[in-house]
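Visitor: Here's the letter readout for the chains.
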Amino acid sequence: NAGVTQTPKFRILKIGQSMTLQCAQDMNHNYMYWYRQDPGMGLKLIYYSVGAGITDKGEVPNGYNVSRSTTEDFPLRLELAAPSQTSVYFCASSYSGAQYFGPGTRLLVL
Amino acid sequence: KQEVTQIPAALSVPEGENLVLNCSFTDSAIYNLQWFRQDPGKGLTSLLLIQSSQREQTSGRLNASLDKSSGRSTLYIAASQPGDSATYLCAVSLNQGGKLIFGQGTELSVKP
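Those protein sequences? They're chains A and B, same order as listed.
When the letters of the first sequence are read in order and numbered with our numbering, they come out as residues 1 to 110.
When the letters of the second sequence are read in order and numbered with our numbering, they come out as residues 111 to 222.
Treat the hints loosely; a few may be bogus.
List of simulated lysine-lysine pairs, BS3-like, C-alpha gap at most 25 angstroms [what the hints assert, rightly or not]:
(1) A/Lys9 with A/Lys44
(2) B/Lys221 with B/Lys152
(3) A/Lys44 with B/Lys178
(4) A/Lys14 with A/Lys44
(5) A/Lys57 with B/Lys221
(6) A/Lys57 with A/Lys9
(7) B/Lys152 with A/Lys44
(8) B/Lys152 with A/Lys9
(9) A/Lys44 with A/Lys57
(10) B/Lys178 with B/Lys111
(11) B/Lys111 with A/Lys44
If you only want the chain A side, here are some residues facing chain B, beta carbon under 8 angstroms, derived [to be verified]:
(12) Leu43
(13) Val50
(14) Pro103
To be clear, the hints were calculated from the coordinates, so they are not data collected in a lab.
Even glycine gets a Cβ: it sits at the ideal position worked out from N, Cα and C.
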């Protein structure tokens, strides 16, 4: 049972480049989330999904997009990378209670 | 607006000591509260989940309490070990499936 998996683990992007952060869960959870963690700032919610085909914005959605075509997958898209998007990105999932987190993707935008 | 605060920001204790980490939240209308552990460069590991109707939860040497009326939760760690060294995060959810609102964390160091 893999839980929540994320790829890649680390990535360096140039300003203006695009990329997709992958997230998958094998627990059949209906809720999925994307957070970013910045030093000294705690975790902030970017986007979330309550089920396949349904997504909504969190606190800091600007510069990101998501899709949820299946229950298992919840990719996060960065269209035009900016230095302000340098962060650690965590994907999480839940059924109705505890949230379970993936190992994170460390992104550096130069 | 719900805010979560954790005090202290950092704590250093000798091995074997019992310790308490504090978490406070401004709005008592929470759905649940979750405590996490985060090791450097790693993801978040869920330690304990307390539903709003519960007063405490226990797992091994860990005990978490919840007092909704005063907006407080504590994480009690018994007989601390160097392997307990990590950052501990508290987070509240306002509804089922809702986002988590995190505190800034307490960085714990247990010295041998």
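Visitor: The hint names leucine 43 of chain A as touching chain B; please verify it with the least Cβ-Cβ distance against 8 angstroms.
Guide: holds (5 angstroms)
Visitor: Take the C-alpha atoms of lysine 57 of chain A and lysine 9 of chain A, compute the straight-line distance between them, and say whether it is at most 25 angstroms.
Guide: Holds. Lysine 57 of chain A to lysine 9 of chain A sits at ~24 angstroms (cutoff 25 angstroms).
Visitor: Straight-line Cα separation of lysine 9 of chain A and lysine 44 of chain A no greater than 25 angstroms?
Guide: holds (19 angstroms)
Visitor: With the threshold set at 25 angstroms, check whether the alpha-carbon distance from lysine 44 of chain A to lysine 57 of chain A stays at or below it.
Guide: Roughly 12 angstroms separates the two Cα atoms, so the pair holds.
Visitor: Lysine 14 of chain A and lysine 44 of chain A were given as a pair; does the straight-line alpha-carbon distance stay at or below 25 angstroms?
Guide: Within the cut-off at roughly 23 angstroms; holds.
Visitor: Given a cut of 8 angstroms on the nearest C-beta pair, is the interface hint for proline 103 of chain A held or broken against chain B?
Guide: Where the cut-off is 8 angstroms and the nearest Cβ of chain B is about 4 angstroms from proline 103 of chain A, the hint holds.
Visitor: Would the stated hint for valine 50 of chain A survive a check requiring a Cβ distance to chain B of less than 8 angstroms?
Guide: holds (6 angstroms)
Visitor: With a cut-off of 25 angstroms on the C-alpha distance, tell me whether lysine 152 of chain B and lysine 44 of chain A pass.
Guide: holds (17 angstroms)
Visitor: Taking 25 angstroms as the top limit, are the C-alpha atoms of lysine 44 of chain A and lysine 178 of chain B close enough?
Guide: The hint holds at about 23 angstroms.
Visitor: Checking one constraint from the list: CA of lysine 57 of chain A to CA of lysine 221 of chain B, max 25 angstroms. Satisfied?
Guide: violated (42 angstroms)
Visitor: For the pair we were handed, lysine 152 of chain B and lysine 9 of chain A, check the Cα-Cα distance against 25 angstroms.
Guide: The given pair, whose Cα atoms are some 10 angstroms apart, holds under the 25 angstroms limit.
Visitor: If you draw a straight line from the CA of lysine 221 of chain B to the CA of lysine 152 of chain B, is it 25 angstroms or shorter?
Guide: The given pair, whose Cα atoms are some 21 angstroms apart, holds under the 25 angstroms limit.
Figure legend: structure checked against the earlier numbered hints; the only hint not met is number 5.
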